[in-house]
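Protein chains in written order, with the numbering used here: chain A, 1 to 131; chain B, 1 to 402.
Quick caveat, the hints were computed from the structure, so don't treat them as lab data. Note that beta-carbon positions come from the ideal geometry of N, C-alpha and C, so glycine has one too. One or more hints might be untrue.
Stated by the list, open to error - Chain A stretches covered by chain B per the calculated footprint, using a threshold of three residues with CB under 8 Å from any CB of chain B:
#: 1; region: 35-48
#: 2; region: 55-65
#: 3; region: 68-78
What the hints assert, rightly or not - What follows is a set of in silico ranges between Cβ atoms, one per label pair, in the way DEER data are often shown:
#: 4; chain 1: A; residue 1: Ala100; chain 2: B; residue 2: Ala10; range: 31 to 37 Å
#: 5; chain 1: B; residue 1: Lys269; chain 2: A; residue 2: His110; range: 48 to 54 Å
#: 6; chain 1: B; residue 1: Asp261; chain 2: A; residue 2: Glu103; range: 42 to 48 Å
#: 7; chain 1: B; residue 1: Lys366; chain 2: A; residue 2: Leu99; range: 25 to 31 Å
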Amino acid sequence: MDAVVMGNVDYNKNVMEHFRNPRNMGELEDADAEATVGNPSCGDVMKIMIKVKDDVIVDIKFQTMGCAAAIATSSMATELAKSKTLEEAEKISNKDVSLALGELPPIKEHCSNLAADALRKAIEVYRKKTA
Amino acid sequence: MEMIYLDNAATTRVDDAVALAVNEVFLESYGNASSLHDVGQEAKRHLEGSREKIAAYFGCEPKEITFTSGGTESNNLAIRGLAKANPEKKHIVTSVIEHPCVLDTCKDLESEGYEVDYLKVDEQGIVSLDEVREKVRDDTLVVSVMHVNNEIGTLQPVEEIGIICRKKGVYFHTDNVQGFLKEDLALASIDLMSISGHKVQAPKGVGILYIRNGVKIKPILTGGGQENNLRSGTENVPGAVGLAAAIDVDFKIDEVRYSRDKIIEGLMKISGTRINGSLTHRVYNNINVSFYGIEGEALMLMLNEMGIFVSTGSACASTKLKESYVLKALDVDEMYIHGSIRLSLGVDVIGKEDYIVGKVSEAVEKLREMSPFKLPLEELGVGGSELGEGKIKGVAREVEDE
Chain A
1 MDAVVMGNVD YNKNVMEHFR NPRNMGELED ADAEATVGNP SCGDVMKIMI KVKDDVIVDI
61 KFQTMGCAAA IATSSMATEL AKSKTLEEAE KISNKDVSLA LGELPPIKEH CSNLAADALR
121 KAIEVYRKKT A
Chain B
1 MEMIYLDNAA TTRVDDAVAL AVNEVFLESY GNASSLHDVG QEAKRHLEGS REKIAAYFGC
61 EPKEITFTSG GTESNNLAIR GLAKANPEKK HIVTSVIEHP CVLDTCKDLE SEGYEVDYLK
121 VDEQGIVSLD EVREKVRDDT LVVSVMHVNN EIGTLQPVEE IGIICRKKGV YFHTDNVQGF
181 LKEDLALASI DLMSISGHKV QAPKGVGILY IRNGVKIKPI LTGGGQENNL RSGTENVPGA
241 VGLAAAIDVD FKIDEVRYSR DKIIEGLMKI SGTRINGSLT HRVYNNINVS FYGIEGEALM
301 LMLNEMGIFV STGSACASTK LKESYVLKAL DVDEMYIHGS IRLSLGVDVI GKEDYIVGKV
361 SEAVEKLREM SPFKLPLEEL GVGGSELGEG KIKGVAREVE DE
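In isolation and in its complexed conformation, chain A is listed as follows (with noise of 0.2 Å):
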């Protein structure tokens, strides 16, 4: 099967592998931040959270509750991320991670696709509390 098509809306296999195997999930124990984003009301959120270790993303973490696109691409941010410094980090885009995963359907680019908002936010967090 290369794609699950459901209604408009169809996820290649890419999606659908991250979907069923998603890298990085859970709780970071020694987190030095996090971050949040979205809203329960949209049906999206994620949650990030990153260990730094002389400015680099050593491990991160994530907990998503959302759609298929919500878990992969919050599965593929943390692999961007992980192993680069804050600098690089924070210049990933979320569209940077729907490339990564081969396009997403057009209608989850919005509402689905906020992991990279969620590290930016965590690194944000991050430097405040070390500045």
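Use these hints to put chain B onto chain A, whose structure you have.
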């Protein structure tokens, strides 16, 4: 992998005997029922025989049955057809939980100057007869309230609504797409009723509008004047034969109802669970269930991977990206609205109740592991095996009552 189809409110597999009957018409009685030669008249006999069988089922006259292309067309013909024939009446009453083909038809008429009142529903998903009495006016064209809701399966008191309307001299229409052959309905107080074939193991593309003798209505499709001038277009004889044949299908209603209750009981053991809509006034095969802290589309997809096919009315699955207006009308908490799925059962569910509950529990657990929302059960005072008894707005208590 075992496959279990739990989306019978979306559509059904055509019954074997129905398929054979339809196929015979396709191959042997293919004439145009309006043709005067023998081939056409053979098709006409099938069409009229089907009409008579359906009329006998309802205890009405055959000429009160108009074949259409399905529920959407029947609902459009009912409301728009009445509007055309009774232009002096510019007020419509319907409910907030109608199917979009009724709601959007009403909205369309609003844009043409009609005034529409939308009946509210209570937390159990039922309209109030008092509100019907309040809303009906001298210039009311029609009251349209569905018999069985497609999302939550709740039964509306349509016979009583019909009586109120009859007393006031107002037409009453009911969308019975989800109730036909499933839940009894007496036509005595009903003026118009919509039915669809594909919800009852007949083919897609055929439906009925029952129109009581004497109702003033005009066609919305013009052309050859078929169906007593009410619905132009070549008669769908195979469809009509299929719809009539579905009357003989055994839906095993009592057994499936028992399976449904067993599944509900099992699901209620999952913490943070909510059954949406009344359990006592509910179609025999519907389960609409919400799980706190997860999202319905993800749950649907995960169950899909497990070979269990359900549907979701949640935001992310629809192209409109809106939360379910039905659950919203029931005042369901938004954390629960997004975590809702609908299971609409068929006969293949019998004996597989534990398997289904097990798979749903497994999927819910997986998604909850991913979710940042942990269960603040004590705060919420809902759900949970130990918290389930009577804590979810009376739902668990109703389970015991059944």
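Hints, one by one, checked against the model:
With 9 residues having a beta carbon nearer than 8 Å to a beta carbon of chain B, the region 35-48 of chain A meets the requirement of three or more and the stated coverage holds. Counting residues of the region 55-65 of chain A whose CB lies closer than 8 Å to any CB of chain B gives 3, which reaches the minimum of 3, so the coverage claim holds. Beta-carbon proximity to chain B at under 8 Å applies to 4 residues in the region 68-78 of chain A; the threshold of 3 is reached and the given coverage holds. A hinted range of 31 to 37 Å holds for the C-beta pair alanine 100 of chain A and alanine 10 of chain B, which are about 34 Å apart.
Judged by the Cβ atoms, the range 48 to 54 Å given for lysine 269 of chain B and histidine 110 of chain A is violated: they are separated by roughly 37 Å. A C-beta distance of roughly 44 Å is found between aspartate 261 of chain B and glutamate 103 of chain A, which places it inside the suggested range of 42 to 48 Å. Taken as a hint, the range 25 to 31 Å holds for the pair lysine 366 of chain B and leucine 99 of chain A, whose Cβ atoms sit roughly 27 Å apart.
The structure is inconsistent with hint 5 alone, although it conforms to all the rest.
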